[in-house]
Amino acid sequence: MTQEHTVDTTAITTGNGTDSGTGTDAEAVVRRLYTALADGDRDTLDAILDPDFVGVLAAGMPGGVGGEHRGAEAMRRDGWGGIGRHFAARAEPDRIDALADGRLLVSGHYRGRGRRGGAELEAAFTHVVTVTGGRLTRLEQLTDTARWAAAAPPYTTLDVRAADGVGTLRLNRPDRHNAVDRMLGAEFARAVDAVAADPAVRAVVLTGGDRVFCVGGDVELFTGCAPEELPRVLREVTDLFHPTVERLSTMDAPVVAAVHGAAAGMGLALVCAADVVVAAEDAVFTTAYGGIGLTADGGLSWTLPRLVGLRRAQELFLTGRRLTAAEALEWGLVTRVVPAAEVDTVAREYATAIADGPTQAFGAVRRLLRRSSESDLHTHLAEEQRSVVEAGRSHDLVEGTRALAERRRPRFTGS
Numbered sequence: 000m001t002q003e004h005t006v007d008t009t010a011i012t013t014g015n016g017t018d019s020g021t022g023t024d025a026e027a028v029v030r031r032l033y034t035a036l037a038d039g040d041r042d043t044l045d046a047i048l049d050p051d052f053v054g055v056l057a058a059g060m061p062g063g064v065g066g067e068h069r070g071a072e073a074m075r076r077d078g079w080g081g082i083g084r085h086f087a088a089r090a091e092p093d094r095i096d097a098l099a100d101g102r103l104l105v106s107g108h109y110r111g112r113g114r115r116g117g118a119e120l121e122a123a124f125t126h127v128v129t130v131t132g133g134r135l136t137r138l139e140q141l142t143d144t145a146r147w148a149a150a151a152p153p154y155t156t157l158d159v160r161a162a163d164g165v166g167t168l169r170l171n172r173p174d175r176h177n178a179v180d181r182m183l184g185a186e187f188a189r190a191v192d193a194v195a196a197d198p199a200v201r202a203v204v205l206t207g208g209d210r211v212f213c214v215g216g217d218v219e220l221f222t223g224c225a226p227e228e229l230p231r232v233l234r235e236v237t238d239l240f241h242p243t244v245e246r247l248s249t250m251d252a253p254v255v256a257a258v259h260g261a262a263a264g265m266g267l268a269l270v271c272a273a274d275v276v277v278a279a280e281d282a283v284f285t286t287a288y289g290g291i292g293l294t295a296d297g298g299l300s301w302t303l304p305r306l307v308g309l310r311r312a313q314e315l316f317l318t319g320r321r322l323t324a325a326e327a328l329e330w331g332l333v334t335r336v337v338p339a340a341e342v343d344t345v346a347r348e349y350a351t352a353i354a355d356g357p358t359q360a361f362g363a364v365r366r367l368l369r370r371s372s373e374s375d376l377h378t379h380l381a382e383e384q385r386s387v388v389e390a391g392r393s394h395d396l397v398e399g400t401r402a403l404a405e406r407r408r409p410r411f412t413g414s
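What the sequence shown shows, in our numbering, is residues 0 to 414, in sequence order.
Calculated from the structure, these hints are not laboratory results.
Quick reminder that beta carbons are idealized off the backbone N, C-alpha and C, glycines included.
Watch out, some of these pointers could steer you wrong.
Here are the computed distance ranges between Cβ atoms for each label pair [what the hints assert, rightly or not]:
id, residue 1, residue 2, range
1, G289, E219, 16 to 26 Å
2, V232, A199, 30 to 40 Å
3, P198, V387, 15 to 25 Å
Whenever a hint applies, use it, and build me the whole structure from the sequences.
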């Protein structure tokens, strides 16, 4: 199953604001942007966004979308797409004014509401937009992020908490064995965005509770719709789930999975996205896709062979074999197997120790390890050099070297 990133058609919509702008070609390009976002018009976005477009969303925006998004695709996927996953809102520009430096100032209001039970949203905004050579090269957003946070929908399928540097994401659909439906997919995306953007979260525990981890996609998604609707449903689910798996795999905070019971399909993909996996003795692992006629998703066809090898991955996908916890340990799929009563404690111990470490360095190592099997040695050495030079700018390196010289334990801050 392939993934296509699209702009959510209900994410941002133009209003009927008054036109007090200059009527220049640049203003026309800006108006085309709002119309294209409203229509989900990928072709127009490709035409008007410079490939090196930079979008800067206000710090503190819910769902972790605040900050800089470099590249048109990153802004579509993580910026505007992130807003659309959590809000049904429209941008109603009231004015477009030319600034002295040639940029355009767009001012107006966002109006809408948080999705899935969220509150009503009304928040003023300004966008400072740069147009160069007929294409948008930069957009900077200012808005009242407190109003966005107040409108964000509550979690209904997750328990999310953070304490002492450790964020905990607990899948909470016990009646459906934590099967992933649209709601859980959207809420999980928001939760991962939030912990990834929170500098106070320096490790994450991912769990499904003490009975089952996650059995994969909810079959009611498929049985509850007409056959001709299945491709659309599958695209919607993966549009939510795939960017989340990527964010989970590449954020700075390492992930510890605590696995009870079954981890199947999407659940197994989440296990493979983690850095440390603590499994109960009664845990089982299976791909499960072949049993209902599907292919892999959640990056599982990419991560699984890198963990267990191609031949073993082929066996798991083609036969539907269920691995016991002991077999998963032998194959390198999990880090440690413990009695069920000890899983949460051991996972917390791992996460607490990791949270005390140099978080930015850990994040860089996570990304280097993920890329290691797809680059040659020369390329990877260059990546390591860039990474270690960047680490040289961190406060944690200063603290680590000072602690070594003073023969004490370092007190890392993750910065």
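Evaluation of the provided hints:
{"no.": "1", "hint": "G289 with E219: 16 to 26 Å", "result": "20 Å, holds"}
{"no.": "2", "hint": "V232 with A199: 30 to 40 Å", "result": "37 Å, holds"}
{"no.": "3", "hint": "P198 with V387: 15 to 25 Å", "result": "21 Å, holds"}
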